[in-house]
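Colleague: With chain A's structure known, arrange chain B on it following the hints.
Listed below are the residues making up each chain.
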Amino acid sequence: MSRRIALFVLGCVLAFGAQAAEVDPFEHPTTGTALMNSTLAAPARTLANAKVLSGHFVHYKHLAEIPQPLTANGEFTYARDLGVYWHTQQPFDSVFVLTQRGIVQKDEGAETIRLSAQEQPAVRVIADIFLALFTLDVSRLSSTFDLYGKSQGERWIVGLTPKSATIGSVFKQATITGQKDVEQVVLVDAHGDRTVIELKDIRYSSADPGADVRALFATP
Amino acid sequence: MLAVLALFAIRVLPNLKIETDILALLPNTQQDAEMDAALNAFSAQLARRQIFLVGAADLADAKLAAASFARTLTESQAFTTVTLELDANASARFDVFLKHRSFLLTDADERALSEGRGQELVQKAVRSAFTPAGLMQPLSLAQDPLGLLNNFLRAQIPSFGAARLEGSMLVVDAPDASYVLVLAESSGSPFASSVQERVMPAIEQASMAARRAVPATITILSSGAIQHAAAATERATKEVSTFGTIEAIAVLVLLWTMFGGMRPLILAMFTLSLAVMAAFTAVHFVFGKVHLLALVFGSSLIGSIIDYSIHFFADRFRDPGKWSPLDAVSHVGPAILLGLTTTLIGYLVLAFVPFPGLKQIAVFCMVGLIVGCGCVLCLYPLFTRIGRRRAPQLGPRIGAALDRRLARWRWTPARTIGAALVIGVAMLGLTRAYVQDDIRTLQQSPQALLDSEQQVRELLGSSVETRFFLVSGDSEQVVLDRERELTRELDRLIAQKSLSSYQAVSTSLPSLAQQQRAHQLLGEKVYASGGLLEQAMTALGFPAEAIEKRRQEFAAAQTPLDVSEWLASPAAQAARHLWLGQVGMRYATVVSLGGIRDVGALQALAQGNDSVRLIDRVAGTTEVLSNYRRALSGLLAVIYAIAGTVLIVRFGFRAAPRILLPSVVATLTTLGLFGWFGVPINLFTMLALWLVLGLGIDYGIFLRHGLDNRPTAILSVTLSACTTLLAFGLLSFSATPFIRSIGLTLLCAITLSWVFVLFSCLTALPRHAAAMETQHG
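Residue numbers (the working numbering), protein chains in the order written: chain A, 13 to 232; chain B, 18 to 794.
Because the hints were derived from the structure by calculation, they are not lab data. Misleading hints may appear alongside valid ones.
Stated by the list, open to error - Cross-link-like lysine-lysine pairs, in silico, DSS-like; alpha carbons within 30 Å at most:
| hint | chain 1 | residue 1 | chain 2 | residue 2 |
| --- | --- | --- | --- | --- |
| 1 | B | Lys514 | B | Lys542 |
| 2 | A | Lys118 | A | Lys63 |
| 3 | A | Lys162 | A | Lys63 |
| 4 | B | Lys514 | B | Lys141 |
| 5 | B | Lys306 | B | Lys255 |
| 6 | A | Lys192 | A | Lys162 |
| 7 | A | Lys118 | B | Lys542 |
| 8 | B | Lys141 | A | Lys118 |
| 9 | B | Lys141 | A | Lys212 |
| 10 | B | Lys306 | B | Lys566 |
| 11 | A | Lys175 | B | Lys116 |
| 12 | B | Lys116 | B | Lys566 |
| 13 | B | Lys376 | B | Lys306 |
| 14 | B | Lys514 | A | Lys118 |
| 15 | B | Lys376 | B | Lys255 |
What the hints assert, rightly or not - Only some residues are given here: those of chain A computed to face chain B with a beta carbon under 10 Å:
| hint | residue |
| --- | --- |
| 16 | Glu77 |
| 17 | Ala84 |
| 18 | Ile115 |
Said to hold, decoys possible - Covered by chain B, per the in silico footprint, the following chain A stretches (three or more residues, Cβ under 8 Å):
| hint | segment |
| --- | --- |
| 19 | 63-76 |
| 20 | 211-225 |
Fair warning: this is a prediction, and the values are worked out from it, not measured in the lab. All C-beta atoms, glycine included, are put in the ideal place defined by N, C-alpha and C.
Isolated chain A, as found in the complex (with noise of 0.2 Å):
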């Protein structure tokens, strides 16, 4: 089953030409600890030390019924142990604030989504990829999720497949490709949309996150 997905959606990728990868990471099952030892031993050293991450995004979703995908751009901000900054400029300015606490969301300076993780199991699984994306701490992953590996020179990509039903009925499977850097994440959800995340310009800091870094999550 997930095989034939994954081909169809390997299919879609091809199709709508995006950035994708050569090959289907899902035909090459493998654990969290394999991963961080072998396919993404260097791009993991990297992050390893980086305590600050930022640079540019590019926000795709890709819905059955439209035949252009909607398409999003802006900066990004991760801190570790405080969460992700994600600043959409274009085609409208929106701030979404990713911490372990939860999700919100401000438009033009006015809150419109507010989600505390507590109450919200999912919020949670939205919170464990996004940050286990800039960190690519995938042993992290692999009890909520089956992992698949393969790597190319230096090209890899990884796979992620939800092990219950629960995270299975709105998510199907993500997969993370990159050479140096995190270069692309793809979120499958349960109705066949799709939604293609492009990371480009990453800068990393050793550095403690400063005040005005901080200052991105100090939401109330």
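Modeller: Chain B in isolation, oriented as in the chain A frame:
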């Protein structure tokens, strides 16, 4: 007699149910019996729930251990449900809402639509399509472009406190360990000993299985009523059997030393067993189960019935040469019967107090006392043989020695003032006496269990509140509408941080009127041509066919969600227990609460509104306990007055106070001493003083009756006091607070009664010293 024995052995013993819950002793708090029954069922259902947290330093270990734990619990069949992994099929739970989606709206969305803030909804929906917030929705953007049903579905997810979903298991993180949540529901009342016997070994085995599953150290925390109840039963039965054994041995040794020979012992033990069995049988048939407290008071039977035996056999020392058992009947018989009468009056009054526990105690004691007394007066003369051996002289010597002391005692002014001062100061303690009616302090669990419970509460970040709202009305729909009004107020309290959460049926099942309003709003504002749906979908770039498809779906769904369909669907799973349904002529639901920070605000919501009530089981019981403590204190005074009248009729104005007052003064002094030493007073102190009343008056009557042979009367009363102290003094060492209360009260009050009654009945009072002198000299 044989019939009682047979009945006890065949019918009673195998079916005997011992109840340990203090609450079971209490009357129901409400006037409405049907509503009470429904509320009791609801509480009972909550009490069956048990939460376990299986923890290890490494989450993977904790998961393996929890899996083992849950499997063993399931296999034991002691629990009806054991949940380790959450219901996988979330979409099945949502199906019924999808079917009726054109009638469902959250409160917030309904307000936004009716207040003309629809543009906000469109904007929000369009934006979340471009941000990660749009991820992980139960319905896709195409299925629910405005996210209205997604919002409704999200409100259905019950809160698990600080637990997060890890795979399909719920996990809580602590700094040094990760815990996996296992939820279980036992198959019967946690207070039933039969359920405890099945559940406790199952938990024990499951814990062992969990520890065997992984080499790492596993911590298992738990929270739930059953372990407390089981601990209470175990401790109480252990105490009752330990104390009972020590007490029986001590009483036997005492009797043997005093009376010599086996016959008095065997007769006394036989009488006792017969009386206790008759009492058990009566309570079993009248009430169906025997409460622990009746059992504890049952041991007071040992005191009284042994007393009758003691009075009977001690009579022998009056005239060891010529005594015959029939003499004893004619000599002590009237005193025993008079004592029995005053005691029975006391218990009879207790039997009419509308308090199930007290009724049980009263029935238990009355049946036991009558059977015991009958045995002593009818059987003893037949079976007592006067042995050739001389009766042991220890008893008479003690009696004589005490008598000499008392006879020589003179109430000099110094002694009178001294005694008055001591008693006066002790009684002053009454002003410092403090009352403790809180049920939680009366039924205290072992510290380890309380710690475990506290840890679970801290880890989960929420506690099970004992307060909840009861909403009632003349029809299902009225109840749902009222509940929705209440939850709107509760939402306001949550925003003010007075409350952290609530759970209500109407969140998942709005009333039909509410659903019609939602349907109308959706039709006018959302699905109409050029409406919000069209605006959002066009903005996102959906083709016209997709919009038309949504509209057709809306038009096709023409029926709202009704109660029976909701109840039958998996969607009701989380809230079904809150639906009390038809209760008598009315309908009712419960709104459960979490994290209450401002009780006053909640009480204000229920004020002046008969159909919305804030129920607080703990405060309710505390209030009831306190009411009954007051009622019993008053009744105690009434009984003393009745007993005083009986004694005055029998002994006249002069002698009656000397019989009655020692018990009264002993009672007041005991309470005074409790005040000085900081021992709290509660309902159970009052119950114990009830016993003191009966026993103390008995002592007076015997001394008065025995004036012609003072050493024998003194011996008899002293032995009675000793057996009672042995029986109850030991209860002072009980780890169960309410049993300890009874023990301490009796220990103190009986000792004082004994001292006071000896002085009051046998020493010459200052004014009558001369008269007594001539009588004795």
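Colleague: Under the constraints set out in the numbered hints, which ones does this structure not fulfil?
Modeller: 1, 10 and 20
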